[in-house]
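There are 2 protein chains.
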Amino acid sequence: MKHLRHSLWIPLIVLTHSCAERTENKTDQGTAAVAATTPLPSWSEGPAQRIADYVKRVTSEKSVDFIPVADRIAVFDNDGTLWPEQPVPNQLVFARHWILSQAEAHPEWQEDPVLKALLEPGFSDWIGLGAEGLKKLMLKSHTGMTEEAFHQSVSIWSDTAIDPRYGQPYTRVLYQPMLELIDYLKAHGFTVFIVSGGGADFMRVWSEEAYGIPPFHVVGSYTGAEFVSDSTGVSVLKTAQEVYFDDKAAKPVAIHRFIGKVPVFCGGNSDGDLAMMQYTASSPYPSFCLLLHHTDSVREYAYDLHTLSGHLEEALTEAQNRGWMVVDMKTDFREIFAF
Amino acid sequence: MKHLRHSLWIPLIVLTHSCAERTENKTDQGTAAVAATTPLPSWSEGPAQRIADYVKRVTSEKSVDFIPVADRIAVFDNDGTLWPEQPVPNQLVFARHWILSQAEAHPEWQEDPVLKALLEPGFSDWIGLGAEGLKKLMLKSHTGMTEEAFHQSVSIWSDTAIDPRYGQPYTRVLYQPMLELIDYLKAHGFTVFIVSGGGADFMRVWSEEAYGIPPFHVVGSYTGAEFVSDSTGVSVLKTAQEVYFDDKAAKPVAIHRFIGKVPVFCGGNSDGDLAMMQYTASSPYPSFCLLLHHTDSVREYAYDLHTLSGHLEEALTEAQNRGWMVVDMKTDFREIFAF
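Top to bottom, those sequences are chains A and B. Numbering-wise, our numbering puts 75 at position 75 of the first sequence, and it's gapless, one number per residue. Numbering-wise, our numbering puts 16 at position 16 of the second sequence, and it's gapless, one number per residue.
Check each hint, because a few of them may be wrong.
You can't tell identical chains apart in this list, so a pair holds if it fits in one copy or across any two.
As the list claims (entries may be wrong) - Computed cross-link-like contacts, DSBU-like style, restricted to lysine-lysine with a CA-CA straight-line distance of at most 30 Å: (1) K186 <-> K56; (2) K135 <-> K261; (3) K56 <-> K135; (4) K261 <-> K186; (5) K62 <-> K136; (6) K261 <-> K140; (7) K116 <-> K62; (8) K140 <-> K62; (9) K261 <-> K136; (10) K135 <-> K330; (11) K135 <-> K62; (12) K116 <-> K136.
It is worth saying that the hints were derived from the structure and are not from the lab.
The following block holds chain A by itself, in its conformation from the complex (with noise of 0.2 Å):
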């Protein structure tokens, strides 16, 4: 149980702190021509031939930095690096959207002022639930049912709920960018996986139509889970014990854990990914870290060290001092979604 209480604050952190920017106002600037000659075309030049040389660099067999198709792993960040974080992030909305979906049968939630509070319509104050309240709210909602329960119910929340900035489903707010980055690096031999303090099971749901990265290759925060027999047949139940929470320094570990293989490129956007950052730094390989810095207020959010939120600081000077490749989404993509 000692990851849970983490795992908790982090999206509180994100909450208390965050002074990211929003506005409904889109801008015209990612209607620039693209250029019919990269593979990357919702990049901005320069950033776009930064990764084809890379790419091109380890992927030719003549070359002194040919790195086996076997060793070309790949693995990002989900939240703020592959969809968005901001106001909160994505797996919380699911999380109130269950406690809604359940409400009817569980009069009882009324007594709770917690979940009497999620269930107002209209609900916003995250940051009033305090981490106790939001430790409830994901315990309730990611444990104590069969994965078959729990998988369906995300299925309802990804097929259903439209992000009411966007006007799309949230699995459609993706980084039209990093899409194509993903679809890049598969099309040269890299193995892609996500790698995320976002719950394993819940990004599994969905992860191979959005990314097309399938739910093996996903690894990210999880709870227990036990086996059960009964006379309905077996099934794996969901628990609160063991919760493993993937940021940080047990990033490395579940790379460890669930690849088995130093990864050779890494995309992240904020402190919780510097450690991955660094172990994918270390392999004998020539590898790329790619940092995300979120530095667009009209297209999409802007936060940073600048702000209180102070969650990217440590992975910004780091990347910055050791030439990892920051990308200004602002300038850096042409197009932030497809739509």
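Based on these hints, arrange chain B on the given structure of chain A.
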């Protein structure tokens, strides 16, 4: 740590009770002419046809039993299913090899009765080590080093150690019919995983070369791990905490945790595989469970419920009751090994 005792009982149980017969003689049984029409030439006709019928049924797009590629998950136990587990599991042979390789730097090991015994030339009294001795051997040889150092040790062993019975490197003493089955399933869109009680880090070193299964499709027992950073850089250290022993009910839990989908094809050879077979059989798709029965004392080993070991008893009964495929290795394998 709660699983550790169990994990170390397994080799002990095998050692104590197994009545496996052993012989140096080979038979001519395997040299029967191979039907050119079968995709599984080392299998006898009946079992080969049964497997092919299933695969055709679930991969023909017009079949009512069609399974989409994304859901074609196959899982195989390793010890006794893909390679021999007699007279002792190969991982114990590696563990002793590691002790021998490090002994020169550790004269104090001569003061330890367990390590001293292991260091004796021609050591073979595994039972005499006792559960505590085996635990000491496993922890000493598998934890307290970086993942890189451990990988290197296993790599040296798998490149150099020779199975004394077959005169081949251990990682070539593989069941040829099972290799053909893995390739056959892969050729039909299945993603093939190992789900073994053996150590994941141990298997991952040679799984790609031996089976064509990459490390990230190898699920096994695992120890704790820690991300460490010092003046020389970063690395992942294998620790003795949080040992997960991937056997019995822990196998479906590990499939849930690592793969995230219920398999449709499962191969095993012992009661330790029963839970993952039951889990596979719970798939809403038509499933296929295959249980290897070690019946060939001439070409391999013979051990089962008729011996004292009893470690294939429940699974054999359930396989027979539910009509799963029980593979009689003596008659159903035309060839057992490729050499």
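query: Hint by hint, which ones does the structure fall short of?
result: 3, 5, 7, 8, 10 and 11
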